[in-house]
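Asker: Listed below are the residues making up each chain.
Protein chains: 4
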Amino acid sequence: MALSSNDAEAGRQQREVAENENQFTLSNIKLQRLIHLTDYLPDLQIHPNPLDHNPFFHPVSEFYITPYDVILRHILHDLSGAFPSPGPHLAYHRAGPRKQIYFNQTHVRAAIVTCGGLCPGMNTVIRELVAGLWELYGVREIFGIRAGYRGFYSDEPVPLNPKMVREWHRKGGTVLETSRGGFDLHKIVNAIQDRGFNQVYIIGGDGTMRGMVEIFKEIKHRKLYIAVAGLPKTVDNDIGIIDRSFGFQTAVEMAQQAIGAAHTEAESAVNGIGLVKLMGRSTGHIALYATLSSRDVDCCLILENEFYLQGKGGLFEFLDNRLKDNGHAVVVVAEGAGQDIIPRTESQLQEKDESGNPVLLDVGSWLKSELKNWWARDHPKDLFTVKYIDPTYMIRAVPANATDNLYCTLLAHSAIHGAMAGYTGFVCGPINGNYAYIPVEEVAQAKNPVNTKDHKWAWVRSITNQPDFVRG
Amino acid sequence: MALSSNDAEAGRQQREVAENENQFTLSNIKLQRLIHLTDYLPDLQIHPNPLDHNPFFHPVSEFYITPYDVILRHILHDLSGAFPSPGPHLAYHRAGPRKQIYFNQTHVRAAIVTCGGLCPGMNTVIRELVAGLWELYGVREIFGIRAGYRGFYSDEPVPLNPKMVREWHRKGGTVLETSRGGFDLHKIVNAIQDRGFNQVYIIGGDGTMRGMVEIFKEIKHRKLYIAVAGLPKTVDNDIGIIDRSFGFQTAVEMAQQAIGAAHTEAESAVNGIGLVKLMGRSTGHIALYATLSSRDVDCCLILENEFYLQGKGGLFEFLDNRLKDNGHAVVVVAEGAGQDIIPRTESQLQEKDESGNPVLLDVGSWLKSELKNWWARDHPKDLFTVKYIDPTYMIRAVPANATDNLYCTLLAHSAIHGAMAGYTGFVCGPINGNYAYIPVEEVAQAKNPVNTKDHKWAWVRSITNQPDFVRG
Amino acid sequence: MALSSNDAEAGRQQREVAENENQFTLSNIKLQRLIHLTDYLPDLQIHPNPLDHNPFFHPVSEFYITPYDVILRHILHDLSGAFPSPGPHLAYHRAGPRKQIYFNQTHVRAAIVTCGGLCPGMNTVIRELVAGLWELYGVREIFGIRAGYRGFYSDEPVPLNPKMVREWHRKGGTVLETSRGGFDLHKIVNAIQDRGFNQVYIIGGDGTMRGMVEIFKEIKHRKLYIAVAGLPKTVDNDIGIIDRSFGFQTAVEMAQQAIGAAHTEAESAVNGIGLVKLMGRSTGHIALYATLSSRDVDCCLILENEFYLQGKGGLFEFLDNRLKDNGHAVVVVAEGAGQDIIPRTESQLQEKDESGNPVLLDVGSWLKSELKNWWARDHPKDLFTVKYIDPTYMIRAVPANATDNLYCTLLAHSAIHGAMAGYTGFVCGPINGNYAYIPVEEVAQAKNPVNTKDHKWAWVRSITNQPDFVRG
Amino acid sequence: MALSSNDAEAGRQQREVAENENQFTLSNIKLQRLIHLTDYLPDLQIHPNPLDHNPFFHPVSEFYITPYDVILRHILHDLSGAFPSPGPHLAYHRAGPRKQIYFNQTHVRAAIVTCGGLCPGMNTVIRELVAGLWELYGVREIFGIRAGYRGFYSDEPVPLNPKMVREWHRKGGTVLETSRGGFDLHKIVNAIQDRGFNQVYIIGGDGTMRGMVEIFKEIKHRKLYIAVAGLPKTVDNDIGIIDRSFGFQTAVEMAQQAIGAAHTEAESAVNGIGLVKLMGRSTGHIALYATLSSRDVDCCLILENEFYLQGKGGLFEFLDNRLKDNGHAVVVVAEGAGQDIIPRTESQLQEKDESGNPVLLDVGSWLKSELKNWWARDHPKDLFTVKYIDPTYMIRAVPANATDNLYCTLLAHSAIHGAMAGYTGFVCGPINGNYAYIPVEEVAQAKNPVNTKDHKWAWVRSITNQPDFVRG
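Quick note, the sequences are listed as chains H, V, Y and D, same order.
All residue numbers in the first sequence are consecutive under the UniProt record's numbering, ending with 472.
All residue numbers in the second sequence are consecutive under the UniProt record's numbering, ending with 472.
All residue numbers in the third sequence are consecutive under the UniProt record's numbering, ending with 472.
All residue numbers in the fourth sequence are consecutive under the UniProt record's numbering, ending with 472.
It should be emphasised that the hints constitute simulated quantities derived from the structure, not laboratory data.
Keep in mind that the hints are not guaranteed to be accurate.
Identical chains share a label here; the pair holds if one copy fits it or two copies do between them.
[What the hints assert, rightly or not] Listed below are the simulated SDA-like cross-link pairs for lysine to any residue, each with C-alpha atoms no more than 25 Å apart in a straight line: (1) Lys456 to Leu309; (2) Lys352 to Ala376; (3) Lys368 to Gly336; (4) Lys223 to Pro55; (5) Lys453 to Asn465.
Please read all numbers here as calculations on a predicted model, not as lab measurements.
Could you build the full structure based on these sequences and the hints that come with them?
Answerer: Pasting the structure below:
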């Protein structure tokens with residue numbers, strides 16, 4: 001296929017944007033640069049986008065996204081005397097179809113892998129990657145990697161097609177199966193190479209994204225004609241930069257059920273406490289949002305806001321008053337909370353998780369036991385009940401709701417368009433409501449803690465009237 | 001295939017039945033006698049039923065129930081030569097309004113108490129007792145006893161009226177609160193007497209019913225003009241004689257969610273086991289029905305069918321094969337199962353519950369741990385995941401579904417009609433689909449184990465293909 | 001209050017019953033005879049039941065059902081002087097596996113057909129017929145007939161197996177498709193014969209059952225070795241003899257949603273009326289049960305209780321008062337209600353449905369329009385809103401809930417056991433909670449109207465306070 | 001209360017921003033100016049924000065929002081040679097608490113009114129306005145206006161407090177009641193003045209917002225010390241500028257049920273068409289999003305994309321093919337679609353709605369009838385079924401889901417902070433994920449049509465494969 005002048009122009013734009021990344025000054029905008037396959041494979045052939053001839057698309061002038069199209073990350077500005085603003089404004093490439101692409105549809109061989117824990121919407125993402133590659137770009141060789149990273153080298157890939165995946169969006173979990181660990185860089189890259197995959201779609205959380213950084217770098221190092229795209233998956237919403245992660249809203253919805261049950265159990269008992277542990281190892285978003293939505297929670301404990309049990313201003317004093325006033329109370333605790341105050345045995349002190357951090361102890365069971373001890377000590381003659389609910393699997397194993405389902409569709413299509421356009425080492429996600437491409441290294445590092453200084457947390461406190469746990 | 005004499009016999013039976021279709025005769029009926037207030041207060045005044053003048057009722061001839069109206073308990077008969085049948089046929093008084101009643105509506109002072117654990121529908125029963133007493137019989141003094149039996153003597157009764165309870169059927173739990181224990185016979189009967197209650201409605205399980213037997217006897221002993229009515233409540237469906245208990249169908253419905261989540265978790269893992277503990281201390285009905293409804297369960301363990309883990313025909317062997325075949329498995333275990341094979345510590349051996357039985361150990365956690373040990377021992381190199389779900393509170397704290405809601409209405413109305421008619425020491429409940437009055441002593445004793453010899457259990461086994469755990 | 005003789009009589013009855021508790025005797029039993037294939041094919045070979053050797057069954061002595069095992073239909077008895085009771089007691093053969101069967105499993109060729117409108121659970125019934133025939137009796141030739149009766153002669157049968165139907169119980173509707181009409185007796189029986197089917201399972205309502213009577217008679221007339229079993233399907237619950245039909249409870253549950261929405265719309269408006277039309281062409285069971293469960297309904301209109309709009313005691317007067325008192329009202333109307341008072345055009349007077357009855361007019365739209373006219377006439381200056389909801393398809397197209405799902409399983413297994421045992425022209429269904437075989441002619445005739453003289457209807461009136469529509 | 005220098009500074013900032021609104025050039029930003037009470041009441045006293053002393057807030061430096069804090073509306077930029085960009089960048093004031101406020105909490109008298117049709121979340125908004133005013137600012141005089149605008153002058157206001165509204169977020173509809181019309185400017189403003197309200201919160205759609213413009217202008221004209229805040233409510237999502245409206249996501253979720261039922265009905269019939277009419281008078285967002293989420297829709301008709309029935313490329317041709325291929329099809333139609341091609345009677349041609357536009361005809365019923373006529377004409381011998389579902393009230397009368405619930409909370413708090421800060425004639429809403437204050441005139445004009453040129457619509461077409469209805 002001969003290169004048209006249009007095609008040449010696209011390449012020029014791509015290079016111009018890359019070369020000038022710091023020079024666009026809409027009052028000082030810094031564009032977060034993406035790696036493109038042509039960065040290390042400069043002679044790649046360019047192809048027209050098959051959407052040009054897709055009967056369902058009528059590409060109008062604004063249809064295709066150019067490398068000049070960017071999304072501003074920070075949309076809040078301070079117009080006060082502080083001009084010029086302290087640093088450059090970050091911008092990201094917009095996701096979407098490109099007029100020219102760097103793959104011939106008949107030569108694409110795509111692999112899809114899911115890693116880590118379950119999250120509502122994983123199957124929708126897989127479904128839409130398959131349907132999108134097939135319908136939008138005419139790709140016919142699409143494979144699922146079984147059971148996480150290890151599946152690249154330990155299992156046969158599963159051929160996928162739209163008919164197979166048709167109903168997958170109605171199922172929780174991941175039909176491809178998932179697992180933790182199993183990351184062996186060279187085995188994985190060798191397998192990708194051996195099996196002839198030239199597009200790899202990786203669905204996973206921050207650990208998975210850190211693995212993806214290594215895979216992508218190794219592929220670049222080997223100068224392989226393989227695009228690697230990441231689709232961030234974290235039910236906890238603990239990945240930064242992006243607005244929120246898919247499945248998160250479904251999880252918050254489902255958490256209402258558990259809080260409702262805890263509330264009923266607490267209300268129906270004498271001095272009843274309903275205790276709900278919600279997901280959130282490194283951040284308390286689910287606990288925070290579920291508390292705000294439910295309005296039945298008396299105290300929400302998250303790791304971003306340290307708490308203590310005994311003494312003035314502590315949890316026990318608060319609950320004592322709440323039981324006196326209302327006869328019952330509901331406590332929500334994020335699984336990552338309280339790790340500093342749970343006593344650890346000698347072996348627990350030694351034990352580290354895969355990332356070298358101390359293992360997470362079960363804050364729910366510990367708190368349940370502490371509550372019982374407290375009451376037996378302080379109110380030995382009075383009735384008391386703690387009902388502890390851990391709804392984790394009942395929350396994360398459901399299918400995505402309509403909102404998350406649509407998110408998954410847009411996310412998958414974004415990833416496809418990006419890979420087809422020749423970008424690699426990127427992650428897709430919504431920034432201020434629009435889908436963007438973000439360098440995977442950034443995403444792998446970005447945390448997303450709850451901001452306990454902002455209004456939302458203050459509102460939690462004003463809804464719950466819970467203490468601030470600042471020792472006076 | 002030659003016809004055996006057995007085969008010939010089948011044909012003969014078939015013909016005999018056909019020829020003799022009108023000639024079978026039922027043997028004697030034994031009516032289960034109820035205690036009536038006039039048994040010990042023979043001079044009680046009789047009143048016409050105010051339903052005679054209720055604008056919403058048009059009592060036709062069959063409207064009022066007489067003492068001659070009975071329900072047969074056993075509707076299955078054997079018409080073969082075995083005449084006469086071994087014993088008399090049990091019959092119970094039909095529930096429903098009586099033409100004459102033994103209370104003057106302006107003098108009724110009713111108390112309602114809920115005891116024991118939560119069960120979907122408790123609030124509907126309370127609501128309908130209040131609405132029914134008020135609307136059907138014009139009663140205006142209706143009180144809730146707070147937090148179980150102890151509430152009679154330790155708390156002020158709460159006045160109730162239809163406006164207060166209007167929306168209670170939409171709430172799980174019991175607005176009156178509940179508790180276990182606190183049974184002090186004389187304090188309770190004294191309080192009933194002191195507060196002037198002459199109708200007492202007791203909602204609770206088998207333990208509560210045994211308490212009611214004592215209360216009722218003491219009241220009879222003191223010759224008090226007080227009717228005591230029981231409304232059996234057991235989410236486990238472990239009370240005999242009655243068809244099933246309210247809340248049970250709601251619980252089975254909710255259990256589907258937990259099984260579904262376990263199935264998704266198991267399917268999405270490599271060698272994944274989803275383990276769900278369902279309610280059922282003394283019987284496995286919820287586990288059985290949930291398994292039959294879901295069809296996603298590979299093995300259903302209930303206390304009525306002993307099981308073992310190791311060796312030929314054991315659970316591990318079965319799961320090993322199931323994982324080889326399908327890659328995953330779902331196990332449902334009733335909370336009362338396996339108590340004989342869980343090792344007990346010295347202190348657990350000593351510990352008895354309120355009824356003097358060994359305390360119930362947590363079969364779910366034990367099984368989870370045993371499964372992990374088994375796999376680590378037998379398959380140390382292979383991936384394995386057990387996801388354990390205990391959905392108890394999320395199942396029992398929900399409001400009743402439509403079917404159970406209607407049950408609760410009919411149950412409450414039956415109790416009211418019975419008490420108004422002067423019966424006492426009785427329990428209401430459906431027998432073969434019709435509401436009956438049953439002597440409370442009978443109900444307090446009646447167990448309701450799963451019949452592992454019948455077709456339903458065989459069907460569970462044929463759905464799950466699980467072993468019979470009969471050591472060969 | 002002086003004691004009338006009536007009052008004294010009540011006390012006497014009470015004592016008489018108590019004294020004579022063991023002396024009542026039931027009169028004769030009349031067993032409803034089933035047709036057996038040997039009735040017209042006396043030389044049929046008998047086979048042992050393969051369940052004898054099924055690894056999941058351990059047939060104990062009571063496991064197999066004999067022709068002597070019957071179920072009593074009427075379990076309510078009057079023990080009073082009215083001995084002997086007016087007629088014989090009806091009894092039906094119990095459903096369940098027989099020790100000897102009349103089919104060789106390798107020669108069975110089964111057909112399954114669904115007719116008429118949708119009903120929750122149809123797919124479960126199909127699934128369980130397939131799974132049961134396959135797993136219990138080793139049948140391997142099972143076929144689905146597409147789109148109702150006409151499918152026998154107009155379409156190729158679809159081979160079915162357990163793997164195909166595995167997830168069908170999660171789907172509403174019928175995968176086999178359904179249709180009305182298309183009944184052509186000879187074409188159907190010829191097709192059954194030509195295709196070599198020897199077991200035919202027919203799932204449908206009363207019209208379908210009347211068709212089955214003809215099919216069964218023609219097969220008998222031709223002396224064919226073909227068992228015909230009926231599985232009654234009616235979301236309206238309008239088939240008599242059986243306790244209730246599958247899908248009915250699911251429908252009542254779903255109807256709550258529509259009533260809830262109508263209630264919200266009515267409450268949120270000024271003089272708001274929420275009007276819900278519920279299924280029930282020939283009976284108002286769904287309307288009745290949904291009203292009892294919801295408790296938000298102000299008036300429930302069913303065809304068994306005639307109503308009128310204008311004048312004293314009419315609907316308008318009632319609603320006028322209700323709007324004055326509460327500001328809103330909810331009306332539930334069964335689709336068969338009001339047919340006598342809706343004006344018919346000349347052509348509607350001529351139009352008959354397939355059974356020759358006048359066509360059903362849309363009572364919901366008519367009532368909505370009448371309500372608007374009434375208000376515009378009587379209260380021209382006041383705000384008024386009618387929100388009309390017809391949730392029919394959203395109710396009947398859902399999958400069965402857990403209770404109905406289990407019902408469908410037991411129903412399907414009953415049908416299989418009956419056909420295998422050589423019975424034909426029978427229908428399965430629960431009678432007093434136990435599954436029975438009923439001659440299809442009986443079921444085809446049996447109506448199941450709401451009894452407006454019984455307590456349930458009186459309770460509806462006392463919940464709604466609605467008028468009795470008896471013109472004074 | 002003496003004015004501190006801090007207070008004076010806030011006033012200065014406010015005026016500076018107002019005076020310099022066009023001069024902040026972060027590359028040419030145009031701030032959308034808000035009216036402030038001091039614009040016409042320059043001597044208003046300033047008060048410190050009571051949040052300073054609220055035990056649940058610890059205002060940090062960034063806690064309070066200043067008039068310099070703005071949100072950029074357009075976050076997508078084109079970095080290409082097109083510098084400078086064609087026009088100024090719009091910016092809006094950020095919502096949130098201000099350090100100084102213009103109301104003394106003990107003098108605030110707030111009114112809340114809901115207008116127009118139902119929308120999930122209305123009750124949450126009311127609840128949070130009441131709870132927020134009470135808890136955050138110590139306001140004790142809060143009133144609900146009954147049944148829309150007319151309630152200001154025709155009804156007594158209802159005093160509200162946090163206890164009353166505690167459970168309202170669980171209820172669909174609006175407890176305050178709503179109505180259309182009743183807008184009488186002078187009666188309304190007189191009533192506001194007479195009753196002493198100084199904060200008015202108006203919850204409604206575009207028509208309501210146009211009314212609010214007049215109210216606000218009249219209040220300004222009369223120079224009244226009354227802040228007027230708007231909270232945009234539109235289940236259709238037809239208001240522009242804001243990201244989306246509350247209740248919209250809940251509606252999309254509920255619409256899945258209707259589409260699912262239509263799909264089941266269609267699949268279970270021979271040549272079955274499921275037809276669902278979804279809300280959307282002036283825009284097809286619900287239809288679009290529900291189609292994308294469901295993936296069961298074969299054709300989505302919205303007013304933004306004209307369609308036709310007959311001939312090449314028309315709906316009938318498409319459905320003919322779809323029925324041939326799949327045997328069934330699902331069509332979703334937005335209520336505003338097809339108005340140009342539905343024939344109007346003479347009287348319908350004359351009839352105008354309140355805004356002077358032709359009345360909306362029922363596209364669902366029309367389409368159902370057209371489909372039947374088409375089939376009868378073109379395929380007179382073949383079976384055909386159209387099942388038409390109008391789920392409007394079942395969608396819009398439900399409570400908000402967790403996502404919308406949180407939205408409602410943030411929206412209500414934003415409105416309170418804005419009114420307290422002395423802004424008036426403003427509307428709150430999320431812009432790019434952050435809550436902003438927008439001049440009500442802008443919101444009253446802003447439309448929000450579906451962009452049929454963008455990727456989402458193309459994806460709908462690629463999911464459905466539906467025609468583009470561009471006549472060739």
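Asker: If a hint holds in the structure, say so; if it doesn't, say that too.
Answerer: Outcome of the hint check:
1. For the homomeric pair Lys456 and Leu309, the shortest alpha-carbon distance inside one copy (24 Å) is at most 25 Å, but the shortest distance between copies (51 Å) is not.
2. Taking the shortest alpha-carbon separations for Lys352 and Ala376, only the inter-copy value of 20 Å comes in at or below 25 Å, while the best intra-copy value is 34 Å.
3. Within a single copy, Lys368 and Gly336 get their C-alpha atoms as close as 15 Å, and across copies as close as 23 Å, so both meet the 25 Å cut-off.
4. Taking identical chains as interchangeable, the C-alpha atoms of Lys223 and Pro55 are never at most 25 Å apart, the minima being 36 Å within one chain and 60 Å between chains.
5. For a Cα distance limit of 25 Å, the shortest separation of Lys453 from Asn465 inside one copy, 16 Å, qualifies, whereas the shortest one across copies, 49 Å, does not.
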